[in-house]
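Chemist: Single-letter residue listing:
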Amino acid sequence: MALLIFLIAMAVILIAAAIFSIMQKDLLFAVLGTGVVSLILSVFFYILQAPDVAITEAAIGIALTTIIFIITIRNTTRDENKYNDDHINKFKNEKDA
Amino acid sequence: MVITPVHYIVAPLIAAFAIPLLIKIHKDAARIVPGIVLFYNVIVSLFLMNHIAEHGMISETLAGWQAPWGINLVVTPFTGFLATMVSILGFIIWLYGYRFKRTLKGGEVKYYEILQMMMIAGSIGIIITGDIFNMFVFIEIVGISAFSLTAFYRSRDGAEAGFKYLLIGGFASAFLLLGILIIYTQTGTLNMAQIAERMPDVPQQMKIVALIFFLVALGIEAEMFPLNGWAPDAYSQAPSPTSATFAAVVSVAGVYALIRVVFTMFDVEGVNNYLMVMGFVTMLIAEIAAISQKDLKRMLAYSSVGQVGLVLIAFGIGSNLAVFGALFLMLNHGVIKSLLFMAGSYFIYNTDDKKIKSLNGIYKKLPIVSFFFALGALAIIGFPPFSGFWSKFYILISAADEKYVFLIIGILLVTIIELTYYLRVVGRIYFAKQEGEPASHKPSINALVAMSSLALFIIVIGVYPDLIMPHIQSAADALLDKSNYIQQILSIKN
Amino acid sequence: MLKKLIVFLLIGTLGYTLAVTFSSIPIGANRIGSLDNPETVAAYYLDKSPNDLKVANTITAVVVNFRGFDTLGEVSVLFLAATGLASILYRKEEEEEEEENKRHISHRLNLPSSSLVQTGAKILFPLILLLGIYVFIHGHLTPGGGFQGGAIIATGFLLMLVSYKGFKNNHKIMVWLESLAGLGFVGVGLYGLIRYGSFLQNTGWTGNLNDLVSGGLIPLIYIFVGIKVATELTNVLDILLNIKSRRK
Amino acid sequence: MMEFQALFEQYRDLITIAVYGTAIALIVIGLYAVLMKKHLVKIVIGLSIMDAGIHLLFVAIGYISGGTAPIFSPGNENAGARMVDPVPQALVLTAIVIGFAVTALALSLVIRLYKHHHTANIDQLNSLKW
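Residue numbers (numbering that gives the first Met the number 0), protein chains in the order written: chain H, 0 to 96; chain E, 0 to 493; chain S, 0 to 247; chain X, 0 to 129.
Note that these hints are calculated values from the structure, not bench results. Because the structure is a prediction, the values reported are computed rather than measured. Glycine included, each C-beta is placed from N, C-alpha and C at the ideal position. Worth double-checking, as some hints may not be accurate.
Which chain S residues face chain E? A few, computed with CB under 8 Å, are given here [claimed, not checked]: (1) Thr16; (2) Glu38; (3) Tyr43; (4) Asn64; (5) Arg66; (6) Gly72; (7) Val76; (8) Gly83; (9) Ala85; (10) Val174; (11) Trp175; (12) Tyr195; (13) Asn201.
If we strip away everything but chain H, and leave its shape as in the complex, we get (with noise of 0.2 Å):
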């Protein structure tokens, strides 16, 4: 019985976690939020007799994925809503002219 709630709970935290990924705006929590995706459902891949696509899920779901995105985030913005006024201007300068 405790493993049936463990089991709801951790789907629930699945889709929540997957949510938050969408809506928040700092990016770099929205990784994040990718990564816990990443664990439950490795957690889910062992529970359904997996263990092969558990570890691969692990390695590369949690691991690799998440530090490609951080890079990433690392390169461009971490806010979402960041608009670049400068390429704004640059824009309508080129549209005048």
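Using the hints provided, position chains E, S and X relative to the given structure of chain H.
Modeler: Showing chains E, S and X alone in chain H's frame:
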């Protein structure tokens, strides 16, 4: 058998893995090795075509497990025909691009050549594999190379077109996986022949849902409306040899995958009509969009999408003659569109402008290239002495046989549209006045050889279509004879 | 607004279709059938893997042998992704030098790289390497294998790349390892083609189930896959970490 | 994991709904992000969440009630009939690695686009029609 179908894939893979090493020995290795490999693929094609003409179709087992259990590679007259066409065009495109790439800086040539070669090899893989998941893997190989090549040039639009293409490609692979999953749960196998054999037992609802997933996924690869938004951008932003490859190789593989899944795996009533209608809409919208284009490569791209629509219409009609016409058109389109992209690329190279209006009077600068472009334009519209005429002619006849009046009207209307926008370009090239300095970039000898061999094909097949028609006929027969395909593959059980 | 409506309609349709379709495919139902007279590929694999191939981990048998061609394709997908990545993020050398002169800061991950972290990384790195190698050498016996081991080794390299700013991959060795592992995989396949007439075919000698040296060529192929995946992933991470930002 | 197998027998419907629901929810959430979000990184996140849902669907389909992981441990050599389906797991293995490759490529394109435009917002990247 000395040469087996797996050579198609293994030779490019060896080359791709070895090029980073070979480049240390000789710096031109990255450019020459792919040529050798692609030429070897042409030899493999000719050998295999010869072999199946004598001994019937080949179903090669991999890893020693017979057909339904392991992955198998199938060469029938149909797949062999397409694989031959793709490998020959791939080699010609390499030949064309050989010197072209000197203009790129050292480090990039390696990447470019590996990606280009693997895109062609992956397309051949899509065509010859007999396993649905293996087809997914090859689609991803083609996809990854195509995304990277689209973004190859440093111009900003390249990356944008590449990202757009990647996004839509991501959808395609997700839907393909869902379709494969549903089919796997219902049939317990991944071999296409065995899926086809077990398909009658699958519940109708499952069948239709799976078919929709496959149609969406492969419709994206085959540039079917409304899933072809990526095509014009990708075609116009990629390097020109890659654009030619998209038109001549990748779209052929995409259409093949769609046709193989729809015709062989599924037996759903009415899907033919769906293909016909979607092909019709694709053709009409693409050709109308082509008129309003100001950019030469974009115009050619829309024209390509339109031609693919016509191919889908012909497959949708589904009679033997129509399929014959469709295969003939695939061949013609591959050849002619490659020629147009090759010639067009020299215009762009010389004027530094992709716009059509900058082509004024370029005839004086580049007489030979202009001639090839005009030849290609006339051929793709379907003027009689060229090969393009015959494919359109047979498709029209097959439509008339089945009494699809609206198709005939549509095709003729589209021909008029094509006439308008191609002749507008040709008119600018030949008759508009423009003063200018002589051409700075004359076509190199290898590019001329590549273009003239394509032009020769267009003229020779236009005059003597009998040279190629028996091959296309046997290819069409092989595609339509589904029970033979299933039987032949599944008969060898251990 | 209209776009939102269309998107919701699309998503709703997809979700509904999936829900309806999969509700008639129950979880937990046995779709494999009997192993003695296999009708499905799964039953065939479960039957052949321990008895013919002597591979304890059926998934390894499927990935490396029955569907080994897929794995070859998959390794090349990773290879092409690394190539594509390099081509997309490639910068001309002059351009790079110019920027290097302008500012000497490279925007590597600015994680703390105190001496504590560095020592920790130094101790952990060989352990992670060992774990990865263990995982792919035992791929045919226990869960795990080439992909998993390769990914674990790549995380080890990541640790070093992040904690030591000066840590440089030995590119020469990486290129050699990557190419040779790929060629080794294809070479084993060609051995099957030449010797037995079928690409990637396993040898007749397979040993005993659950021995370390068993399964014929399968462990060898998985070792090649492991090395290849490890070098490719490290390559991808290295390229991404070396981007110099042009931020103002 | 014996408890899970007993539990599965008992609450089959509930667990089916939970697992399928989660998988389909992930696919739908991912698709929503891809279609509606403006930031390129968010779009790529959506793509990877969508992939994750599909992978869960694959593994769930392969599960067989009472089955063990398809590994023949010593002393257990004839347990083939009591194992879960190995094929979807093998396919997922392939799909995960391919998904990673696509994600890495997508992110590299995002970085390139950001360098050229100094923005990662899709509304500001309009040199081609979207």
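Chemist: Taking the hints in turn, state whether each one holds.
Modeler: Hints versus structure:
1. Restraint check, S:Thr16 versus chain E: the minimum CB separation of about 6 Å is within 8 Å; hint holds.
2. Against a cut-off of 8 Å between C-beta atoms, the interface hint on S:Glu38 holds, since the closest Cβ of chain E lies about 6 Å away.
3. A distance limit of 8 Å between C-beta atoms decides the matter here; for S:Tyr43 the minimum to chain E is near 5 Å, and the interface restraint holds.
4. The interface hint given for S:Asn64 is met, as the beta carbon of that residue sits about 5 Å from the closest beta carbon of chain E, less than 8 Å.
5. Contact between S:Arg66 and chain E, as hinted, is supported at the beta carbon level, the nearest pair being about 6 Å apart and thus within 8 Å.
6. Given the 8 Å rule on beta carbons, the hint for S:Gly72 holds: about 4 Å separates it from the nearest Cβ of chain E.
7. With 8 Å as the threshold, the beta carbon of S:Val76 comes within range of chain E, its nearest partner Cβ sitting at about 5 Å, so the hint holds.
8. Annotation: S:Gly83 was flagged as interfacial toward chain E, and the flag holds, the nearest CB pair being 3 Å apart, inside 8 Å.
9. For S:Ala85, the shortest C-beta to C-beta distance to chain E is roughly 6 Å, which falls under 8 Å, so the interface hint holds.
10. The beta carbon of S:Val174 comes within 5 Å of a beta carbon in chain E, closer than 8 Å, and the hint placing it at the interface holds.
11. For the restraint placing S:Trp175 at the interface with chain E, the shortest Cβ-Cβ distance is roughly 7 Å, inside the 8 Å limit, so the hint holds.
12. For S:Tyr195, the interface hint holds, since its Cβ comes within 8 Å of a Cβ in chain E; the closest pair sits about 6 Å apart.
13. Residue-level restraint check for S:Asn201 holds (minimum Cβ-Cβ distance to chain E is 7 Å; threshold 8 Å).
Comparing the model with each numbered hint stated earlier shows that all of them hold.
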